[in-house]
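Colleague: Listed below, chain by chain, are the residues.
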Amino acid sequence: MMDKMIFGRYVPAESVIHRMDPRSKLVLIFLFVCIVFLANNMLTYGLLTAYTFFMIALSKVPIRFIYTGLKPVLLLVVFTLFLHLFLTKEGEVLFRFGWITIYEEGLRQGIFISLRFFLLILMTSILTLTTTPIEITDGLESLLNPLNKVKFPVHELALMMSISLRFIPTLMQETDKIMKAQTARGADFTSGPIKERIKAIIPLLIPLFVSSFKRAEELAVAMESRGYRGGEGRTKYRQLSWGLKDTAMLAMLAALALVLFLLRT
Amino acid sequence: MTEPLVELKNVSFTYDAEAAYALNNVSFNIYKGEWLAIVGHNGSGKSTLAKLLNGLHFPLEGCITVGGISLSEETVWEARKKIGMVFQNPDNQFVGTTVRDDVAFGLENHGIERSDMVQRVTESLEKVKMTSFLNQEPHHLSGGQKQRVAIAGVIALRPDIIILDESTSMLDPRGREEVLETVRELKRNYNMTVISITHDLEEAAKADRIIVMNKGQLYREGTPEEIFQMDEELVKLGLDIPFPVKLSKVLREKGLPLSRHYLSEEELVEELWTSHSKM
Numbered sequence: 229m230m231d232k233m234i235f236g237r238y239v240p241a242e243s244v245i246h247r248m249d250p251r252s253k254l255v256l257i258f259l260f261v262c263i264v265f266l267a268n269n270m271l272t273y274g275l276l277t278a279y280t281f282f283m284i285a286l287s288k289v290p291i292r293f294i295y296t297g298l299k300p301v302l303l304l305v306v307f308t309l310f311l312h313l314f315l316t317k318e319g320e321v322l323f324r325f326g327w328i329t330i331y332e333e334g335l336r337q338g339i340f341i342s343l344r345f346f347l348l349i350l351m352t353s354i355l356t357l358t359t360t361p362i363e364i365t366d367g368l369e370s371l372l373n374p375l376n377k378v379k380f381p382v383h384e385l386a387l388m389m390s391i392s393l394r395f396i397p398t399l400m401q402e403t404d405k406i407m408k409a410q411t412a413r414g415a416d417f418t419s420g421p422i423k424e425r426i427k428a429i430i431p432l433l434i435p436l437f438v439s440s441f442k443r444a445e446e447l448a449v450a451m452e453s454r455g456y457r458g459g460e461g462r463t464k465y466r467q468l469s470w471g472l473k474d475t476a477m478l479a480m481l482a483a484l485a486l487v488l489f490l491l492r493t
Numbered sequence: 014m015t016e017p018l019v020e021l022k023n024v025s026f027t028y029d030a031e032a033a034y035a036l037n038n039v040s041f042n043i044y045k046g047e048w049l050a051i052v053g054h055n056g057s058g059k060s061t062l063a064k065l066l067n068g069l070h071f072p073l074e075g076c077i078t079v080g081g082i083s084l085s086e087e088t089v090w091e092a093r094k095k096i097g098m099v100f101q102n103p104d105n106q107f108v109g110t111t112v113r114d115d116v117a118f119g120l121e122n123h124g125i126e127r128s129d130m131v132q133r134v135t136e137s138l139e140k141v142k143m144t145s146f147l148n149q150e151p152h153h154l155s156g157g158q159k160q161r162v163a164i165a166g167v168i169a170l171r172p173d174i175i176i177l178d179e180s181t182s183m184l185d186p187r188g189r190e191e192v193l194e195t196v197r198e199l200k201r202n203y204n205m206t207v208i209s210i211t212h213d214l215e216e217a218a219k220a221d222r223i224i225v226m227n228k229g230q231l232y233r234e235g236t237p238e239e240i241f242q243m244d245e246e247l248v249k250l251g252l253d254i255p256f257p258v259k260l261s262k263v264l265r266e267k268g269l270p271l272s273r274h275y276l277s278e279e280e281l282v283e284e285l286w287t288s289h290s291k292m
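For the record, the sequence lines run as chains A and B.
Every position in the first sequence, counted from 1, becomes a number in our numbering once 228 is added.
Every position in the second sequence, counted from 1, becomes a number in our numbering once 13 is added.
Every clue listed holds true.
Below 30 Å or equal to it, Euclidean Cα-Cα: the simulated DSS-like pairs (lysine-lysine) are:
| hint | chain 1 | residue 1 | chain 2 | residue 2 |
| --- | --- | --- | --- | --- |
| 1 | B | Lys64 | A | Lys442 |
| 2 | B | Lys95 | A | Lys442 |
| 3 | B | Lys140 | A | Lys464 |
| 4 | B | Lys94 | A | Lys464 |
| 5 | A | Lys442 | B | Lys228 |
| 6 | B | Lys64 | A | Lys464 |
| 7 | B | Lys259 | B | Lys228 |
| 8 | A | Lys288 | A | Lys299 |
| 9 | A | Lys464 | B | Lys142 |
| 10 | B | Lys45 | B | Lys200 |
| 11 | B | Lys22 | B | Lys45 |
| 12 | A | Lys427 | A | Lys408 |
| 13 | B | Lys95 | A | Lys464 |
| 14 | B | Lys22 | B | Lys94 |
| 15 | A | Lys442 | B | Lys94 |
Computed far set for chain B versus chain A, every beta-carbon distance over 10 Å:
| hint | residue |
| --- | --- |
| 16 | Gly56 |
| 17 | Glu190 |
| 18 | Thr195 |
These are calculated hints, taken from the structure and not from any lab test.
Built from N, CA and C at the ideal position, the CB exists for glycine as well.
All chains should be built: construct the whole structure from the sequences, respecting the hints.
Modeller: And the structure:
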């Protein structure tokens, strides 16, 4: 259960994208999100799509992983398409069937906006599929570092994130254990009306909360006894290294942005 | 024995001013290179003692000296470099997302240079024989393995003393033996001082010296042989006597001429089969 939920997202492989510095990946995604809005005609959208699929090919992540990640949001994409199809009333009428009228502009908008949405999801999936959660945390910490100057607790935030990541499987195992213990005592989590099922979760959540607080306290003591006293004067074991490929990837994106800017109408 | 490494003088402590003392006027010394077991049933003050030694609490009265440093709010970080602590719950002391990150955690806290850090991480994992688990995540490890990683995290900081605060009580017998063997080896090879706080007298039987705590006071101090002479008294204190000691006592009552109370099964078996062959 837990492997599928959290760590199943990451697909280990040997690819340029996997080896990229998480910082450059994060910056790249952020810029991509901005650039997507530059596209406004067939050609530019075509270019964006080509770029996205080029990145997928580079990442060497099997398509089926990308597909499983996309499945839940695909519905939303289709929904956006239909929303635009039926609600935009501009341009020429394409066809009329009973009370449904579809306009040219509606079709155009619908396709473009859902395509935009689709591409954004694809790109962010590449990020999570090729980067481990802890790498993302490291990347974020490093990128947010300048915020330290305005007293933003960057190190604490990153530590919180990494401790949460580390404890997710532990808490999952614990949930499983408590669930079994409560089932043995006659609790029923799987049948009955929604209201009953929500009620059944309470005897699961309370022991979980109690033990989490206990864990948190013990962890704090253990951390303190190992000399933890905040981010000051701390060195880092994990290191990020910015390479040529990172610069190259960003340069490629910049070139794409320039072309998009020139080709948009 | 030489100069004491840790000195406790008339230490008293209470968690709650209203309640009874968790520790009441406790004094003893810990010497370099020894294995000291502190035993006692729940609430005898043995865990409080561990927390005081590591500066997680400070004594209300009396003073604690660790390697010449008197423990106080100002010196506590210095003292913590000398004392490493392994706690009871294997999960709740694992901070890193992988084995190597966890071992590095303490080193990061002390601002060790990265190149030095990498070397110390591999070195300490070698000492606890966990090198092949370098990139494992904690939920794929057994309890005993997690405790060995915790020990690696402690020795990476090169402390003089390791405190095992009930570190084996949540492990299965195999995990327990794994952890104790690791500690024994460290003590043998690197002359570490070990303080093990436990209610398992089998574990304490292998120590050099035992301190029995009861109701926040030092009840008795001595070698394992001396302590196990107390047998009935130990039971009254809520401690369980190890099986070989129990057995040799019963055998003596039955009239078998055993020379002493044996602490280990091997010794007892040795005496039993040789004494039989004399007849």
